[in-house]
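Could you build all of it, start to finish, from the sequences and the hints given here?
These protein sequence lines are chains Y and F, in that order. Our numbering applies: residue 1 is where the first sequence begins, and numbers increase by one. Our numbering applies: residue 1 is where the second sequence begins, and numbers increase by one.
For the record, the hints were derived by calculation from the structure and aren't laboratory data. Treat the numbers as computed from the prediction; the structure is a model and nothing was measured. Treat the hints with care, as some may be off.
[Stated by the list, open to error] Selected chain F positions facing chain Y (Cβ under 10 Å, derived; list incomplete):
| id | residue |
| --- | --- |
| 1 | Tyr-36 |
| 2 | Leu-46 |
| 3 | Thr-99 |
| 4 | Tyr-101 |
[As the list claims (entries may be wrong)] Here chain F is said to cover these stretches of chain Y; the calculated rule only asks that three of the stretch's residues, wherever they fall, bring their Cβ under 8 Å from a Cβ of chain F:
| id | segment |
| --- | --- |
| 5 | 30 to 42 |
| 6 | 67 to 81 |
| 7 | 94 to 104 |
Cβ coordinates follow ideal geometry from the N, Cα and C atoms, glycine included.
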Amino acid sequence: EPEVTQTPSHQVTQMGQEVILRCVPISNHLYFYWYRQILGQKVEFLVSFYNNEISEKSEIFDDQFSVERPDGSNFTLKIRSTKLEDSAMYFCASWHLRTDTQYFGPGTRLTVL
Amino acid sequence: GENVEQHPSTLSVQEGDSAVIKCTYSDSASNYFPWYKQELGKGPQLIIDIRSNVGEKKDQRIAVTLNKTAKHFSLHITETQPEDSAVYFCAATSNAGGTSYGKLTFGQGTILTVHP
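Here it is, written out as structure tokens:
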């Protein structure tokens, strides 16, 4: 069964550095998402992406964040200048029209030192 | 915006018992309510969902009920097994036609432990 994949599984970076988190959504899915979960807190929506543009974003998704679908398969989240509070698990998800379901990847744990 | 509250935060049951997890939501426009199970080291996986035109849905040992008037929905797991042990999240969203492509607002999660 197709799955959403994410790389890396764990990323450690220094405060102020740029990071790119990568996702390969399931083929033929139409919407793509990033969510994050700070340790011990709720899973929070960051952004959704449809037809090569941002469909919706939360107040968390400020100018430090950007998303891109550089080719037909990858979907990336870039954080330009990481802060300590960006440490979290970041989940990518994609949505399929036929099943009308959001499928989540295994997550990337980002640690900012 | 939408706010989803989930209770309890932890739930411990004996194998074979039933488990019930409850969620309330604030936005009366919400019309799609999925439940996700998250096992250690994995992403959330959908286990069951319900749309606002339905009051109850069952899938083998799992059922979900929705009370739109009271704005709450619940997950029921019967005949629990040790492999049911995981973190369970409820979520809500509102979209035309009750589709699920919109942003999901999650509850806090419930750690379910099933003792053999």
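Taking the hints in turn, this is what the structure says about them:
Hint on Tyr-36(F) holds. Least Cβ distance to chain Y is approximately 7 Å, under the 10 Å limit. For Leu-46(F), the shortest C-beta to C-beta distance to chain Y is roughly 5 Å, which falls under 10 Å, so the interface hint holds. Here the hint on Thr-99(F) is kept, as its CB sits about 5 Å from the closest CB of chain Y, short of 10 Å. Hint status for Tyr-101(F) relative to chain Y: holds, with the closest Cβ pair at about 5 Å, below 10 Å.
For a cut-off of 8 Å, the count of residues in the segment 30 to 42 of chain Y with a CB near a CB of chain F stands at 6, and the three-residue condition holds. Against chain F, the segment 67 to 81 of chain Y contributes 0 residues with a C-beta closer than 8 Å to a partner C-beta. That does not satisfy the three-residue criterion, and the hint is violated. Under a criterion of three residues with beta carbons nearer than 8 Å to beta carbons of chain F, the stated coverage of the segment 94 to 104 of chain Y is upheld, 6 such residues being counted.
Against the hints set out earlier in the document, a violation occurs for number 6 only.
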